[in-house]
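As a plain string of letters, each chain reads:
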Amino acid sequence: MTVDDRAPARSNVSLARRAWNIRRKALQMGEVQGQGYIGQALGIADVLAASYFHALDYRADEPEWEGRDRFLLSIGHYAIALYAVLMEAGILPEEELETYGMDDSRMPMSGMASYTPGMEITGGSLGHGLGIAVGMAMGLKRKKNPAFIYNLMSDGELGEGSTWEAAMSGAHHKLDNLICLVDFNDQQADGKSTEMLCSEPLGDKWSAFGWFTQRVDGNDLDAVVAAMDAARNSDHNGPRVIIFDTTMCKGVPFLEQREITHFVRVDADEWGKALDVLEEGKPA
Amino acid sequence: MTMASMARKYEARKVTPKEERQATSAMIASLAAEGYDTVSAPFGQALVQAAKADERIVGLTADLGKYTDLHILGNEMPDRFYQMGMAEQILMSAAAGMAREGFIPFATTYAVFASRRAYDFIAMAIAEENLPVKICCALPGLTTGYGPSHQATEDLAIFRGLPNMTIIDPCCADDIMGMVPAMIAHNGPVYSRLLRGKVPSVLTRHKPDYKFELGKAQMIREGKDALVISTGFMTMRALDAAEQLAKDNVDVAVLHCPTIKPLDVETIVAEASKGGRLVITAENHTKVGGLGEAVAGALLTNGVAPKFRMIGLPDEFLEAGALPTLHDMYGLSVSKVVEQIKGWL
Numbered sequence: 001m002t003v004d005d006r007a008p009a010r011s012n013v014s015l016a017r018r019a020w021n022i023r024r025k026a027l028q029m030g031e032v033q034g035q036g037y038i039g040q041a042l043g044i045a046d047v048l049a050a051s052y053f054h055a056l057d058y059r060a061d062e063p064e065w066e067g068r069d070r071f072l073l074s075i076g077h078y079a080i081a082l083y084a085v086l087m088e089a090g091i092l093p094e095e096e097l098e099t100y101g102m103d104d105s106r107m108p109m110s111g112m113a114s115y116t117p118g119m120e121i122t123g124g125s126l127g128h129g130l131g132i133a134v135g136m137a138m139g140l141k142r143k144k145n146p147a148f149i150y151n152l153m154s155d156g157e158l159g160e161g162s163t164w165e166a167a168m169s170g171a172h173h174k175l176d177n178l179i180c181l182v183d184f185n186d187q188q189a190d191g192k193s194t195e196m197l198c199s200e201p202l203g204d205k206w207s208a209f210g211w212f213t214q215r216v217d218g219n220d221l222d223a224v225v226a227a228m229d230a231a232r233n234s235d236h237n238g239p240r241v242i243i244f245d246t247t248m249c250k251g252v253p254f255l256e257q258r259e260i261t262h263f264v265r266v267d268a269d270e271w272g273k274a275l276d277v278l279e280e281g282k283p284a
Numbered sequence: 001m002t003m004a005s006m007a008r009k010y011e012a013r014k015v016t017p018k019e020e021r022q023a024t025s026a027m028i029a030s031l032a033a034e035g036y037d038t039v040s041a042p043f044g045q046a047l048v049q050a051a052k053a054d055e056r057i058v059g060l061t062a063d064l065g066k067y068t069d070l071h072i073l074g075n076e077m078p079d080r081f082y083q084m085g086m087a088e089q090i091l092m093s094a095a096a097g098m099a100r101e102g103f104i105p106f107a108t109t110y111a112v113f114a115s116r117r118a119y120d121f122i123a124m125a126i127a128e129e130n131l132p133v134k135i136c137c138a139l140p141g142l143t144t145g146y147g148p149s150h151q152a153t154e155d156l157a158i159f160r161g162l163p164n165m166t167i168i169d170p171c172c173a174d175d176i177m178g179m180v181p182a183m184i185a186h187n188g189p190v191y192s193r194l195l196r197g198k199v200p201s202v203l204t205r206h207k208p209d210y211k212f213e214l215g216k217a218q219m220i221r222e223g224k225d226a227l228v229i230s231t232g233f234m235t236m237r238a239l240d241a242a243e244q245l246a247k248d249n250v251d252v253a254v255l256h257c258p259t260i261k262p263l264d265v266e267t268i269v270a271e272a273s274k275g276g277r278l279v280i281t282a283e284n285h286t287k288v289g290g291l292g293e294a295v296a297g298a299l300l301t302n303g304v305a306p307k308f309r310m311i312g313l314p315d316e317f318l319e320a321g322a323l324p325t326l327h328d329m330y331g332l333s334v335s336k337v338v339e340q341i342k343g344w345l
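Here the protein sequences line up with chains A and B, keeping their order. Taking my numbering, the leading residue of the first sequence gets 1, the next gets one more, and so forth. Taking my numbering, the leading residue of the second sequence gets 1, the next gets one more, and so forth.
Any given hint could be a false lead.
Said to hold, decoys possible - Facing chain B, from chain A, some residues (calculated, C-beta under 8 angstroms):
1. Glu62
2. Ala113
3. Pro117
4. Ser125
5. Gly131
6. Ile132
7. Met136
8. Leu140
9. Arg142
10. Lys144
11. Gly159
12. Gly161
It is worth saying that the hints were derived from the structure and are not from the lab. Everything numeric in this text was worked out from a predicted model, so none of it was measured. Each residue gets a CB set at the ideal place from its N, CA and C atoms; glycine is no exception.
Take the sequences, apply the hints, and build the full model.
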């Protein structure tokens, strides 16, 4: 199967517009709760657009279709971003957007497999996704299923030892159906990731662990798409990783310029303002 | 009661004469058979048999294939065996991932490493998702003289607090061979303790028609003076103690309770309600949070309050040494079980 055959990729809606739609939905959800990991959601929107509208094969009306590429969200608190793309992809109904974080919602604040169609695993206890991805990739190989496993993780999770157990294991078992996406926004709960527990030189680390490694600007859609294609099409006999350098709050300049923290504070009256600012940059 | 070896670091020791020495190392391979027939690697044998009939079954280990008898599967069905290396977190995560893809993974390591090092991965990747991963762990409780690094004296307490988790502490080879198919039939996560190597066959000698049933406690021996509710190899100790006590006209019943969770409350309450017997729990585990406290809770919440005592390990990090010495010291040996019961009657 070539990339262009995949159903979601056939749409004539541009990836830039998809990313914009994801940002808009995330901001709308943030407004509902008056809080949310909006900085991360805005930063990762381009990677999610390229994942769900270029790279991944799936059926929106059949989230557990056996042939689907599996997309694991290791970072549970990025759920707001994943809900946005799941709605954009038609896996979650957009009508439920305003239930975000409410009692009995299918979209709780932290992502859980048992609550949400399209949410493959329960993330949130960080450093879990890649290990589960390794097991799923082993399972797909046993079943001779040609699908890929994507695991989206944060740079903060690079501090967890389990991430590196999984990295070693993925290479040892030659899992060429495993693609790890690292969101490097250099922010974690207590400050800059590189100042908490520095993972640099990060590309060298992954390469040394036996992974086909790329590092690109995660807010440059062309670069993201090219890296996604290269990860999928590489003949490397092992797993693949793409490190995406991203900018927190991308697309809303007044938030981008705010003193950046892991949990961006947005005042009640600023959600509407952020949506207005986003509107000005609406792509075709 | 204690050698207090750990508090005497700077005190020189005398060498024991050769004929009196007891070795530590001989004890980690298997529990001494103590007069029973043994079965070689019952877990490995049962698993191979099950795997031949069910393609979903795979085995994963963290560098302890030989020490959990999983190597039997590895040797006979190498395609079903995954060596994950000395990495318990990926062991459990990968098992969860394989279960997500429709397999029934058996993940093996030592009980200390599963319960302590890999707990978060068992809790969140396996139990919270209710995935059918079967975690089978050697060296339960006090079955090695290596000291606290290898003695899983609190594993049952740790896993009892975990929702969705079924917990088994088998007595002997009969239990182990029976529990493997029962674990597969149960659609959810299971933590089971393992005895490996040459494992005694105990229960069928005392009760020829004994068959392991998940979630069921079974009377192995009747008796009117005391009721021992026991799990794991302490059922073997209780049965041997009961035979000795019978010679002194003390009549001891033994209720074997290999499933710790869910506990067979119905049988336990019914037996403990019968006619004024002293009720004693016996477990190869700290008295904190194990079978004893589970039984006590079940009895009290059901309005049953017999005279009640617990046999189990103290709330301490245990000493290193030879296993028979340690079992005597901590009250798990047959003679100490006899002594304790006599003292309480």
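Which numbered hints fail | 1, 3, 10, 11
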